[in-house]
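> Kindly produce the complete structure, drawing on both the sequences and the hints.
Number of protein chains: 2
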Amino acid sequence: MTKTKKSIVKTPEPPYYAVIFTSILRGEVEGYNDMAVEMNELAAQQPGFLGVETAREGALYGMTISYWKDEESILAWKNNAEHQWAQKLGREKWYQSYSLRVAKVERAYSGGKSG
Amino acid sequence: MTKTKKSIVKTPEPPYYAVIFTSILRGEVEGYNDMAVEMNELAAQQPGFLGVETAREGALYGMTISYWKDEESILAWKNNAEHQWAQKLGREKWYQSYSLRVAKVERAYSGGKSG
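These protein sequence lines map, in sequence, to chains A and B. Numbering-wise, the first sequence is residues 4 to 118 according to the numbering used here. Numbering-wise, the second sequence is residues 4 to 118 according to the numbering used here.
Heads up, some of the hints might be wrong.
Heads up, the list lumps identical chains together, so a pair's fine if it works in one copy or across two of them.
Stated by the list, open to error - Below, simulated EDC-like cross-link-like pairs (lysine to aspartate or glutamate); rule was C-alpha separation at most 20 Å, straight line: (1) 107 to 75; (2) 107 to 16; (3) 81 to 109; (4) 81 to 44; (5) 107 to 73.
FYI, nobody ran anything at the bench for these hints, they're computed from the structure. Being a predicted model, the structure only gives us computed values, none of them experimental.
Written out as structure tokens, the structure reads:
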């Protein structure tokens, strides 16, 4: 299984956008983690992508925040064909429940060694 | 150890605010989880608090998103005395690195049974 490196994204000065995705899987889905990693890698190739932070706790609960330059880049990623296929699978087969929030980051602070 | 229930917050119609806190601990901190749970419980008593979603992956990496009605409620929580003490401990002793982002949620979608 591919593992995403756990890190804190170095984002530029606000404003920029955050897409907050919280999900609970229906059960353990074979290949789900690989798909999630693949989607994050694909997102990273899109124009306007600034980074992604993700944590899974237990087998079913996950939070993923991707950061984007502007609304246009979020819309383009939403409409990406491969991503749309994953979205459809998620809605119809994988998730017991999910929430997606698009938010404009107005202020940001960081600290520490790699902050 | 107290355990936070893993759930997806039912937030009202946007706009509202999200405070996104991502952190990496310096090492395993005794009592850290209890403190984190206590802070979330204290936050839940503040005016304007809408809910919190949190996930820890491994011993050191954590993401917490708290949702708030408006900027005033975020500022009041930031200035809460007990919370300020926890913030100081975090900056000085606990975190190798952290990032805090204040974002205005503009659009939200949810799906599934409890979404």
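> Look at each hint and say if it fits the structure.
Verification of the supplied hints:
Proximity of residue 107 to residue 75 under the C-alpha cut-off of 20 Å is found in both arrangements, the shortest distances being 13 Å within a copy and 17 Å between copies. In this assembly of identical chains, residue 107 and residue 16 lie within 20 Å of each other by CA distance both inside one copy and across copies; the values are 12 Å within and 16 Å between. Taking CA atoms no more than 20 Å apart as the test, residue 81 paired with residue 109 passes between copies only; the shortest distance there is 16 Å, against 22 Å inside one copy. Proximity of residue 81 to residue 44 under the C-alpha cut-off of 20 Å is restricted to the intra-copy arrangement: shortest distance 15 Å within a copy versus 35 Å between copies.
With identical chains, the CA atoms of residue 107 and residue 73 are at most 20 Å apart both within one copy (9 Å) and between copies (14 Å).
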